[in-house]
Amino acid sequence: MISPAAIARRLWAAIRALLGDDAYERYLDHQRRRHPDSAPLQRADFYRAELDRRWSQINRCC
Amino acid sequence: MATKKLIEVGTWTAIAVAGAAAFGGIALNRGESINALWFVVAASCVYLIGYRFYSGWIATRVLALDATRATPAERLENGRDFMPTHRSIVFGHHFAAIAGAGPLIGPTLAAQFGYLPGTLWLLVGAVMAGCVQDMLVMFCSTRRDGRSLGQMARDELGPLGGTAALIGTLFIMIILIAVLSLVVVKAMVHSPWSTSTVFATIPIALIVGVYLRMLRPGRVLEATAIGIVLLLLAVAGGGWVDQQPVLREWFNLDGRALAWFVIGYGFIAAILPVWLLLAPRDYLSTFIKLGTVFLLAIAICTLQPEIRMPAFTRFIDGTGPIFSGKLFPFLFITLACGAVSGFHALVSSGTTPKLIARETDVRMVGYGSMAFESFVAIMAMIAACVLDPGIYFAINSAAGVVGADPATATATITSWGFPVNAGEMQALADRMGEQSLYARTGGAPSLAVGMASIFGSAFGQGLFALWYHFAIMFEAIFILTTLDAGTRVGRFIMQDALGSIWEPLGRTSWYPSVLLASVLVVAGWGYFLYIGVIDPNGGINILWPLFGIANQMLAAIALAVVTAIFVRSGRLRHAWVPGLPLTWLVIVTTTAALQKIFSDDARIGFFAAARDLAEKLAAGVLPPDRAAVAPQLIFNQQLDGWLTAFFLLIVWIIVLDMLMRCHQHLSGRRAAISTETPYVATQLA
Numbered sequence: 001m002i003s004p005a006a007i008a009r010r011l012w013a014a015i016r017a018l019l020g021d022d023a024y025e026r027y028l029d030h031q032r033r034r035h036p037d038s039a040p041l042q043r044a045d046f047y048r049a050e051l052d053r054r055w056s057q058i059n060r061c062c
Numbered sequence: 001m002a003t004k005k006l007i008e009v010g011t012w013t014a015i016a017v018a019g020a021a022a023f024g025g026i027a028l029n030r031g032e033s034i035n036a037l038w039f040v041v042a043a044s045c046v047y048l049i050g051y052r053f054y055s056g057w058i059a060t061r062v063l064a065l066d067a068t069r070a071t072p073a074e075r076l077e078n079g080r081d082f083m084p085t086h087r088s089i090v091f092g093h094h095f096a097a098i099a100g101a102g103p104l105i106g107p108t109l110a111a112q113f114g115y116l117p118g119t120l121w122l123l124v125g126a127v128m129a130g131c132v133q134d135m136l137v138m139f140c141s142t143r144r145d146g147r148s149l150g151q152m153a154r155d156e157l158g159p160l161g162g163t164a165a166l167i168g169t170l171f172i173m174i175i176l177i178a179v180l181s182l183v184v185v186k187a188m189v190h191s192p193w194s195t196s197t198v199f200a201t202i203p204i205a206l207i208v209g210v211y212l213r214m215l216r217p218g219r220v221l222e223a224t225a226i227g228i229v230l231l232l233l234a235v236a237g238g239g240w241v242d243q244q245p246v247l248r249e250w251f252n253l254d255g256r257a258l259a260w261f262v263i264g265y266g267f268i269a270a271i272l273p274v275w276l277l278l279a280p281r282d283y284l285s286t287f288i289k290l291g292t293v294f295l296l297a298i299a300i301c302t303l304q305p306e307i308r309m310p311a312f313t314r315f316i317d318g319t320g321p322i323f324s325g326k327l328f329p330f331l332f333i334t335l336a337c338g339a340v341s342g343f344h345a346l347v348s349s350g351t352t353p354k355l356i357a358r359e360t361d362v363r364m365v366g367y368g369s370m371a372f373e374s375f376v377a378i379m380a381m382i383a384a385c386v387l388d389p390g391i392y393f394a395i396n397s398a399a400g401v402v403g404a405d406p407a408t409a410t411a412t413i414t415s416w417g418f419p420v421n422a423g424e425m426q427a428l429a430d431r432m433g434e435q436s437l438y439a440r441t442g443g444a445p446s447l448a449v450g451m452a453s454i455f456g457s458a459f460g461q462g463l464f465a466l467w468y469h470f471a472i473m474f475e476a477i478f479i480l481t482t483l484d485a486g487t488r489v490g491r492f493i494m495q496d497a498l499g500s501i502w503e504p505l506g507r508t509s510w511y512p513s514v515l516l517a518s519v520l521v522v523a524g525w526g527y528f529l530y531i532g533v534i535d536p537n538g539g540i541n542i543l544w545p546l547f548g549i550a551n552q553m554l555a556a557i558a559l560a561v562v563t564a565i566f567v568r569s570g571r572l573r574h575a576w577v578p579g580l581p582l583t584w585l586v587i588v589t590t591t592a593a594l595q596k597i598f599s600d601d602a603r604i605g606f607f608a609a610a611r612d613l614a615e616k617l618a619a620g621v622l623p624p625d626r627a628a629v630a631p632q633l634i635f636n637q638q639l640d641g642w643l644t645a646f647f648l649l650i651v652w653i654i655v656l657d658m659l660m661r662c663h664q665h666l667s668g669r670r671a672a673i674s675t676e677t678p679y680v681a682t683q684l685a
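The listed protein sequences derive, respectively, from chains A and B. Under our numbering, residue 62 is the last one in the first sequence; the count climbs by one each step, no gaps. Under our numbering, residue 685 is the last one in the second sequence; the count climbs by one each step, no gaps.
Rather than coming from a laboratory, the hints here were simulated on the basis of the structure. Please read all numbers here as calculations on a predicted model, not as lab measurements. A portion of the hints provided could be inaccurate.
Some chain B residues judged to face chain A by a derived CB distance under 8 Å, without partners named [said to hold, decoys possible]:
#1 Ala101
#2 Phe287
#3 Cys337
#4 Thr482
#5 Ser674
For each label pair, taking beta carbons as the anchor points, the in silico distance ranges come out as [as the list claims (entries may be wrong)]:
#6 Arg26/A - Trp510/B: 30 to 36 Å
#7 Leu520/B - Trp12/A: 41 to 47 Å
#8 Ile7/A - Ser667/B: 57 to 63 Å
#9 Ser33/B - Ala5/A: 43 to 49 Å
#10 Ala8/A - Ala399/B: 39 to 45 Å
Some chain B residues well away from chain A (every beta-carbon gap over 10 Å; in silico) [stated by the list, open to error]:
#11 Thr3
#12 Thr60
#13 Phe607
All residues carry an ideal CB built from backbone N, CA and C; glycine is no exception.
The whole structure should be built from the sequences, with the hints applied where relevant.
Written out as structure tokens, the structure is:
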């Protein structure tokens, strides 16, 4: 059995993931795994760097 | 093992029987009203069966999806766009990306034929064409490092096909933005409540943008929550504005003024930095969109409204007041996105494949998201059909078709066999907090009335006016997001094209080039928007079929690319999987385009309409207000005719190019080539 608290945690994680709220954590995780020697970007710098990439491609439809 | 198998067979038999029963209920029901729940049951069963069997067969036999093969997300992981992601989350992202205003508006307009034709095509089209297209394009892109449709077209069909695909994309973008902004303008005309609410979404997006960049960088959830609260306050605040005698006049604007506002907004949005307007608006619209779709599904299931629209109406003969043309081909052109949408191919290639963690996820993300999108279209169809047909036609028919004053309009609609009277319409407008609901073409207001009736009865009695304006805000916010995002992407395509004429114009961050390309794109859609607003026949009648043809054309391009890939990579035996929907789309778009160009009926043919108007103008039979705009309308009809011919040319260039390359390959004149990235085993657990 999965406890209600675990379900709530999962749901919360899903909502954050859907909106892209966890993008920075995922980036940190990636940096730790793949590039442990280089210093990762700060949260604000990461957000700034991501903006142009995310909205320069077709990511919305009719 | 045997019992497990038995349970599975039993479950799917039950789903098939339930679906067939619901279908029978819908198809055989005549004369009496039918419950909307039957639609939900029939649709769910069709999608489930299509997903379980057809997509399962495609996944294992046709594509042979390989879970051991490393995806681009894994191989090229960079912590940003290439990022292996759990399939449920990719499903959510992909669905949020493909779901827009199209599948809400198309079914609302297509309801003029009755509930049955539209519902059937939404189901059959999605299962056999739309979902298949999205899944196959996503598969091809995933096997090619997440390449975009344009790049794949260039690789498979050569420079001609690639250029045609790129030009097609730019044009469909321009027509799409024009028709969607026309929908918003039509909802706001002389409605201070709607106008002030929609205007308020702009400063709200700015506040959220500043919060995300300056105050708490990257805290998307917090910022979105603040934005949602402000948006709900804006809906209620619009009602307050509507009560203020002086303030309401500021927002009581006519179509032309609103069109100029939207054009100005589009231009400013295109040159402002992304963080200030586009990014926050996109976050808000994603949340509102997913939330409202979920809410609508719950409301329909709890309230179980009755369908009032007949199964078929007399307008299948082509004389419809909302758009003209017979069931074939115009039903398919009008429904567009809810059944098969070429635009999805742009997201299914290039964007989503970079998140796919396992190749087998393509089935759920590609096929599943589109099935869900088609379900949203079914809900829009329900929302249109729960309205009294007389009211539905009164809201959606242009003044130029049914007459400008309430008495004439209601008399015309009643004479078609859909009784409605002016008192009823006034009572409805009062309940929705509007002065008038006549001739609000474009589908958004009638959908909002439908949604308000469903929401208002399911949760919160008597809050109809609030729900109506919530629904208008809901549609406006993602239409404006499409407008911002589409203008920006259009600008990049334009800069790319300009760069081949003079190199500096191709630099995406060189300011003069940004300004020039933005002006060109905004002028493109702004022109069609403005003409749509001054057209007494509502503009939608012209623009929506043009959009539908462009959209289905793009789907044909995508499927042609996939078919070429199939034939040349040894999947000839299964080439009919993309080939069948491709053939159908080519037949539909070609028939529709030829009718739009050559029909002698002024309601259908662009050139016939231009001739008809020119003759009336010369004979002096037009009233002065119509005569004043007639020269512009004549020019526009001719332009639309040439544009349709251009679309047709592009489709046939690509189809013939594809057939020629397949023939060269099959006759052995060209060796089989694989454009796939070589196999690498996955390291993911």
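Status of each hint after checking the structure:
1. Ala101: holds, 7 Å
2. Phe287: holds, 6 Å
3. Cys337: Hint holds; Cys337/B Cβ to chain A Cβ min 5 Å, cut 8 Å.
4. Thr482: holds, 6 Å
5. Ser674: violated, 26 Å
6. Arg26/A - Trp510/B: 30 to 36 Å: Since the Cβ atoms of Arg26/A and Trp510/B sit about 33 Å apart, the hinted range of 30 to 36 Å holds.
7. Leu520/B - Trp12/A: 41 to 47 Å: holds, 45 Å
8. Ile7/A - Ser667/B: 57 to 63 Å: holds, 59 Å
9. Ser33/B - Ala5/A: 43 to 49 Å: This hint holds: roughly 46 Å between Cβ atoms.
10. Ala8/A - Ala399/B: 39 to 45 Å: violated, 53 Å
11. Thr3: holds, 23 Å
12. Thr60: holds, 28 Å
13. Phe607: Non-interface label stands for Phe607/B: nearest chain A Cβ at 27 Å, farther than 10 Å.
In the structure shown, a violation is registered for the earlier hints numbered 5 and 10, in ascending order.
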